[in-house]
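Given these sequences and hints, build the entire structure.
Sequence lines, in order, name chains A and B.
Be aware that the first sequence starts at 1, since it is given in the numbering used here, and climbs by one per residue.
Be aware that the second sequence starts at 1, since it is given in the numbering used here, and climbs by one per residue.
I should point out that these hints are in silico values taken from the structure, not numbers from a laboratory.
All of these numbers come straight from a predicted model, not from anything done at the bench.
If a hint is listed, it holds; no wrong ones were tucked in.
Simulated DEER-style distance windows between Cβ atoms:
| hint | chain 1 | residue 1 | chain 2 | residue 2 | range |
| --- | --- | --- | --- | --- | --- |
| 1 | A | Asp76 | B | Glu202 | 22 to 30 angstroms |
| 2 | A | Asp130 | B | Leu48 | 39 to 47 angstroms |
| 3 | A | Phe254 | B | Ala243 | 56 to 64 angstroms |
| 4 | B | Glu92 | A | Lys385 | 41 to 49 angstroms |
| 5 | B | Thr231 | A | Ser379 | 54 to 62 angstroms |
| 6 | B | Leu163 | A | Lys385 | 19 to 27 angstroms |
| 7 | A | Ala348 | B | Lys357 | 39 to 47 angstroms |
| 8 | A | Gln311 | B | Ala348 | 30 to 38 angstroms |
Built from N, CA and C at the ideal position, the CB exists for glycine as well.
The residues making up each chain are set out below.
There are 2 protein chains.
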Amino acid sequence: MNPTLEIFSQGEEVVTGQIVDTNAAWLSEQAVTMGFTVTRHTAVGDKLDDLVTLLREISVRADCCVCTGGLGPTVDDLTSEAVAEAFDLPLEFDAVAFEQIKRFFTLRNRIMPESNRKQAMFPKGAERIDNAWGTAPGFSLQVGRCWFSFVPGVPKEMQHLFLETIRPTLASRFLLRPEKLVTIKTLGIGESAIQEIISAIEIPAQVQLGFRASPDDVQTKLLFPHDYPETAMNSLASKIAAALGDNVFAIDGFGPASGDLVFTVDQLMTSEKYTLALVETASQGLLAAKCVGLKWLLETRYEQSLERLGQKLGITINADDLWATAQAIASEIKQTGDADFVLVQLYAGDSQTFHDKDQAIILYNVLLTGDGFHRTTHSVAGPIKRKQNQSALLALDLLRRYLQHKEL
Amino acid sequence: MNPTLEIFSQGEEVVTGQIVDTNAAWLSEQAVTMGFTVTRHTAVGDKLDDLVTLLREISVRADCCVCTGGLGPTVDDLTSEAVAEAFDLPLEFDAVAFEQIKRFFTLRNRIMPESNRKQAMFPKGAERIDNAWGTAPGFSLQVGRCWFSFVPGVPKEMQHLFLETIRPTLASRFLLRPEKLVTIKTLGIGESAIQEIISAIEIPAQVQLGFRASPDDVQTKLLFPHDYPETAMNSLASKIAAALGDNVFAIDGFGPASGDLVFTVDQLMTSEKYTLALVETASQGLLAAKCVGLKWLLETRYEQSLERLGQKLGITINADDLWATAQAIASEIKQTGDADFVLVQLYAGDSQTFHDKDQAIILYNVLLTGDGFHRTTHSVAGPIKRKQNQSALLALDLLRRYLQHKEL
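So this is what it looks like as structure tokens:
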């Protein structure tokens with residue numbers, strides 16, 4: 001049995017719905033990867049009684065708990081007081097923490113307000129968690145069954161403290177047997193088509209198969225037991241990836257960590273020193289926006305009227321033959337510009353179709369490279385922002401397929 | 001005292017962090033607006049014992065609870081069973097629900113799998129919540145102190161069922177005294193500057209003042225008690241909005257509902273039938289992307305090299321005078337294009353500065369309209385994606401200021 005872990009989020013802004021609690025999901029994913037079973041998330045506001053009650057509940061229920069929020073300098077920040085009251089521990093002044101908090105202000109040429117002093121008060125027996133990322137140090141302590149860690153609720157600070165201090169501590173305090181997760185990321189193929197392809201492959205009963213469709217990709221997840229042999233793991237994952245063919249743009253879980261589609265394309269473009277010019281229609285700037293700051297993207301343009309774009313480029317638009325039109329646009333831009341590749345995205349469908357979530361547009365993507373034209377077509381439906389995002393990704397994915405396979 | 005409400009989210013995908021629980025925040029905001037005090041969010045996985053324990057806890061602790069998830073047809077969906085076991089209620093077959101579920105499949109030319117039959121089983125005494133948006137009906141029932149409502153976890157279905165069925169029921173079952181919230185939305189001024197300006201205005205003790213800085217705006221929030229006089233409320237909000245001047249782009253809470261900056265600009269551009277051409281640098285397509293599908297945006301272009309853009313437009317680039325350069329670009333595009341307005345965004349700072357989160361770029365926005373040039377400048381710091389987003393918003397905000405005030 002894995003040790004159990006709970007997440008506890010403190011703050012009126014969470015409990016009243018002013019912010020979405022992304023910390024809980026982030027911490028849970030980390031904890032599951034480490035080998036904990038996450039049993040519960042709880043969020044409460046800044047009321048001392050509610051905090052005390054919850055702390056006592058958790059101390060007899062879970063092996064471990066990570067708590068976010070309530071460590072700031074204001075009167076709303078009650079975590080230390082709540083721990084002290086819940087478990088009958090006196091608060092003690094920590095001179096080292098106080099020096100750190102003062103230094104944070106000195107380094108920024110600011111004077112420390114008197115209210116920050118309370119951030120150096122910890123319940124007796126607590127281990128301090130130093131915080132180089134903000135003013136609030138965290139702390140850990142064992143109460144009853146549970147090892148509690150308290151960190152600030154600011155996501156960036158929380159993540160640093162978890163990765164640098166809490167994770168190593170938990171790894172040494174608990175006997176963990178983490179499962180191994182392989183994630184195969186695809187674009188251009190739906191979840192049910194993937195399931196059908198994979199159904200022909202035999203998957204051992206100990207391996208858990210799952211799927212996750214996000215706005216940016218479809219992920220096939222394979223969860224292996226702690227002691228599953230590495231070679232068998234790699235061979236199964238490779239077999240599935242091979243069956244999914246060039247729809248796969250990245251695999252997470254063995255080898256170097258991968259990222260999203262932009263990351264994959266950036267690696268390929270940068271290593272081969274290619275450059276790109278872009279014409280967007282349905283994605284309306286979003287494809288360029290996703291590539292912000294990347295050196296290989298030289299230009300993009302969006303023109304609402306295809307006629308007008310044709311006039312400006314001096315080419316004839318044939319709305320009945322979008323392949324020919326896209327090729328003509330790409331050739332003209334290649335001739336007059338500096339980019340190695342030109343990627344042109346057009347679509348069939350009027351403004352009404354584009355806006356209507358129940359209608360689909362047909363995308364025509366053309367990529368012009370040194371060895372000619374390459375093309376893909378897709379039907380994209382859903383709300384306008386989904387159409388926009390899918391259009392950006394599917395056009396970029398044509399470039400990715402070319403770079404990875406050089407044959408289409 | 002307001003009645004208390006808890007949110008209960010069921011699902012392994014929530015508790016293991018595979019998805020962020022946005023339902024809890026959405027429901028909480030709705031409940032707070034109605035006049036409930038939200039006291040707790042809890043998420044647990046698909047284990048019957050955990051569900052039973054939690055349901056019993058909530059039944060003696062809260063006046064009301066909205067539960068999401070666990071109503072699907074698979075073996076993981078245990079909500080009805082858990083309610084039955086927790087409160088010793090038999091499950092009963094609901095023939096009307098069963099007909100609705102069958103009809104959902106018939107309308108889609110699909111055959112209902114046998115497993116969906118369980119979705120028509122409800123604990124004795126429950127009121128069914130019809131679901132026209134999916135296969136899973138919800139249900140409500142009173143147990144102990146608490147009025148429970150159970151709905152599917154799919155956000156769209158959940159939101160429809162809440163707004164159409166649960167909200168009216170809660171409004172009739174509970175004596176609610178909702179507070180009134182006025183939100184003043186600004187761009188181009190920071191939180192501390194706003195606080196300083198407002199500190200000169202006397203705010204009655206019953207009115208709660210709050211601030212919220214998001215990536216897209218800074219919001220000043222005024223929370224008024226239920227019985228606060230309407231005229232006094234409007235007068236205080238107007239006074240604060242006036243003090244913040246043309247930094248205010250929208251006010252929520254009285255009059256017609258407003259939206260984000262794009263919404264405000266869209267209203268103004270559409271009502272005056274203006275059109276716009278755009279040149280983006282730091283926002284790299286994101287400004288156009290935010291305006292997806294809006295008719296008044298005729299074109300955008302992004303060119304990584306300002307030199308190259310100058311060559312293409314046939315104008316001279318003076319990197320030491322970005323105002324003059326931006327004006328020259330705007331004039332050229334106005335002359336050769338169809339748009340009423342041209343908005344040009346340039347920035348000072350090299351690629352290194354743009355990428356470095358600790359360095360700032362200086363934005364130069366120029367808007368060319370029928371009555372000449374208008375301009376704003378801003379310093380923008382932070383990670384590259386923040387710089388990009390702020391640059392998009394601040395350029396668009398120059399257009400908003402012109403449209404709302406026609407004097408800059």
